[in-house]
Each structure stands twice: as C-alpha cells, then as structure tokens.
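As a plain string of letters, each chain reads:
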Amino acid sequence: MLQVRDGNAMAFEELVRRHQQRLLNILAHLAPTKSQAEDLVQEVFLRVYRSRARYTPTAKFSTWLYTIASNVASNARRSKARRKEVAVQTSPDASAGVSLDNLAEAASGLMPTRQLASNEIGEVVRTAIASLNERQRMALLLSKFEHMSYQEIASSMDLSIPAVKSLLSRARESLREILQPYMATEERPNE
Amino acid sequence: MNNTEVSDELLVAFLDGELSTAEMDEVRDQVASNPKIQQRIEELSAAWSMLDHLPQPKPSPTLLQSTIGMAVVSAEEEAQQARSAVPAKSPIWWFVGAAALLVATAAGFGAVRFFTPHPDQQLAEDLPIIENLDEYRDAEDIDFLRGLANSELFEPDESNDEL
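Chains as they are written, first to last, in my numbering: chain A, 1 to 191; chain B, 1001 to 1163.
These aren't lab readings, by the way, just hints derived from the structure by calculation. Nothing here was measured: the structure is a model prediction, and the numbers come from that model. Take the hints with a grain of salt, since some may be wrong.
[Claimed, not checked] Dumping the calculated SDA-like pairs for lysine to any residue here, alpha-carbon to alpha-carbon at most 20 Å:
(1) A:Lys-34 <-> A:Lys-60
(2) A:Lys-144 <-> B:Pro-1061
(3) A:Lys-34 <-> B:Lys-1036
(4) B:Lys-1036 <-> A:Pro-181
[Unchecked claim] One side only, chain B facing chain A, incomplete, derived with CB under 8 Å:
(5) Val-1006
(6) Asp-1008
(7) Glu-1018
(8) Glu-1043
(9) Ala-1046
(10) Ala-1047
(11) His-1053
(12) Pro-1057
(13) Pro-1059
(14) Ser-1060
(15) Met-1070
(16) Ile-1142
(17) Leu-1145
(18) Leu-1148
Even for Gly, the Cβ is constructed at its ideal location relative to N, Cα and C.
So that you can see chain A by itself, here it is in the shape it has in the complex:
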C-alpha cells in the first residue's frame, strides 16, 4: 500500500489481485446478489485508490481495508433503504430448497433431518447467515474469515470492544440455534 501511495500503478493492481477474493467473501454475504457484491468490491478499491495519499501505516492494512468495506456496505444498505428497493431477501432462491421456514422447522424438530451434502449445508449456512443483521454478519465474517481480533473488528466497524463481544455472542448463539438440527448430519469437507 505504501507503494500505491507513492504512485506505483503495478502495486495497486497487485493489491487488488491479492484482496479481491477475500473482500468478495465478506461482501457477498452483505449484498443481495454476487453482481452487487462485486460492485461493492470495486467501490472499496476505488476508495482505497482515491485516499492513497492519506494512507499511513498506523495499523494493519486489512483493518483499514475492512473499515472502508464496512462503510461501503453500510452506505449501500442505507441507500437501498432510501430507494425502498426490495429488502434483503430472507429466503434463498427456490432451487436451493432451503428457506428460513425450513430452518425454523428443523430447529423445532418438526422436520426430519437427513444426511446433507456439502453444498446443501452451504446453502443452510448461507441462509442462517442471512438471518443475522448486517452488523452481526460483518463482525462474524471478519472474525471467521479474516481472523480479526475483537480490537481489529472494533476498529474496522467503529465500535467498542464490548459492542463487538456482544455482536459476536448474539451472532454465534443465533447460528447455534439455527444450525443445531444439522450438526449431527454434517458431512465433513474433503480432508
């Protein structure tokens, strides 16, 4: 990033190449579609580029990057709310065969569980994630996939550490409740 700050165009390309997958992994669960998630990814990198002159390495680059990502995601959500677009879908597409209602039934024990294939578990988990509010989702994903500490998550999301603790606690408890019926049927990923 220091090279980008100093005007190295190749360094910026390398930065995008290294971080776009990771950014997409996070933003894909904060945007309704993959296409919109990629738009958010581009917006994040554009903001990184435009603010390159002001970058100072006072913290990890990833903390700074995800601060921008958090702002971009929040702005997109607020903008969408203002335009009264379709709300974030709470049920996935029908082809996945998984909805929040299904998950609720499974949690209540009314629906018989069965051995799930890995991709089915993926859909179940994706739906469970979608049931969390955006801040819970963001904190959870940063903790899980970016291995951020509570301090780093707090910096990125402009929250206090106790607030992050509370967010993660509620998020993980919600996940536990929703996914409990599927835990016994989980297939291990290929090892």
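Got chain A; can you put chain B on it based on the hints?
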C-alpha cells in the same frame, strides 16, 4: 457456578481466545465440571465450523481489469482537476499586482536616474571649457591659468570709464 452464570458472551470470547488468562482458566474449569456448559461450548464450536461450508463466490474474470480501469479514470480526473485548479485570482488582486508593478517600475526608473548621470549632463558641465578649448590648448600650464584668474590683473578698470 451453574449453567446460567457462564454467559454466551463469555463462552464465545473463550472460544475466540479473547479472555484474560485467569478468565480462561475459570471457564475451562466450568466446562470441565458442568456438562451443560460443555454441550453449549461444543454446539457453538460446531456451528462455527459449519461456516467453512459457506459458498465462496469466485470473482468474475473481468473484475480485476474493470477495477484497474476505474482507478485509471479516477487518476485522469485527479490530473484534470489539478490542471484546472489554478487559483482564480479575483480582480482586486489583479489591481494590486498592477499597482505594485507600477510602483516598482517607477522606483527603478528613479534609481537609475539618480545613480546614472545623464550623458548630456557631463557635456553641459564641460561647455565653458569646450567653448574656449583653443585658448586652453595654447596654455601650457593650468596652474598658471588659475593664478591669473585669482590675481587682480583682470579686475574692472574704473579709470577707463572717464574716456
């Protein structure tokens, strides 16, 4: 300590390694001695592990290029803004600048006039000599001429007035 005394927040922080050493030891003791707490820990861990099954979408093949393209456009816009960001001076500053230039010009002119004598000035000063140059050439000694000038030989003769 029973099941309700260990909050989910504490258990999650325990799993994330975000507790102090003393707190970690305390929770560890609770987990070891309380089956319900142990079950909650296991379920929280299992749900956490299931996140590994989350689909990870691959970026579109054109995402990198289009992102770089947008940065290039941004850089061009920045350059354009820098070129057109010459401060627009208000008319008053033009007047101030012109007045300063005028004063500087006048001061410079005056200084040149003061310190550089006019070429004709020297001629004017030398005019009496130039007018009598032939006579001065005939005189061999300038001191002799000075002495004549200071003498009384060329005082006006009052006696000639009666003639």
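The hints, checked one at a time:
For a cut-off of 20 Å, the pair hint linking A:Lys-34 to A:Lys-60 is broken: about 27 Å separates their Cα positions. At most 20 Å may separate the alpha-carbon atoms for a hinted pair to count; A:Lys-144 and B:Pro-1061 exceed this at roughly 26 Å. Straight-line distance between C-alpha atoms of A:Lys-34 and B:Lys-1036 comes to about 40 Å, which puts the hinted pair past the 20 Å bound. For the suggested pair B:Lys-1036 and A:Pro-181, the alpha carbons sit about 17 Å apart, so the restraint of at most 20 Å is met.
For the restraint placing B:Val-1006 at the interface with chain A, the shortest Cβ-Cβ distance is roughly 12 Å, beyond the 8 Å limit, so the hint is violated. Against a cut-off of 8 Å between C-beta atoms, the interface hint on B:Asp-1008 holds, since the closest Cβ of chain A lies about 5 Å away. Restraint check, B:Glu-1018 versus chain A: the minimum CB separation of about 5 Å is within 8 Å; hint holds. Because the beta carbon of B:Glu-1043 sits about 5 Å from the nearest beta carbon in chain A, less than 8 Å, this interface hint is met.
Nearest Cβ of chain A to the Cβ of B:Ala-1046: about 5 Å, under the 8 Å cut. The hint holds. At its closest, the beta carbon of B:Ala-1047 sits 4 Å from a beta carbon of chain A; the interface hint therefore holds under the 8 Å criterion. Hint status for B:His-1053 relative to chain A: holds, with the closest Cβ pair at about 4 Å, below 8 Å. Given hint, B:Pro-1057 at the interface with chain A, holds; its Cβ is 5 Å from that chain's nearest Cβ, closer than 8 Å.
A cut of 8 Å between beta carbons decides the hint on B:Pro-1059: the least distance to chain A is about 5 Å, and the hint holds. Among the interface hints, the one on B:Ser-1060 holds; its C-beta lies about 6 Å from the nearest C-beta in chain A, closer than the 8 Å criterion. The restraint placing B:Met-1070 at the interface with chain A holds, with a minimum CB-CB distance near 5 Å, inside the 8 Å limit. At its closest, the beta carbon of B:Ile-1142 sits 80 Å from a beta carbon of chain A; the interface hint therefore is violated under the 8 Å criterion.
With a cut of 8 Å, the hint placing B:Leu-1145 at the interface with chain A is violated, because the nearest CB-to-CB distance is about 84 Å. Taken as an interface hint, B:Leu-1148 does not check out: its beta carbon lies about 88 Å from the nearest beta carbon of chain A, beyond 8 Å.
Of the numbered hints given earlier, the model fails hints 1, 2, 3, 5, 16, 17, 18; all others are met.
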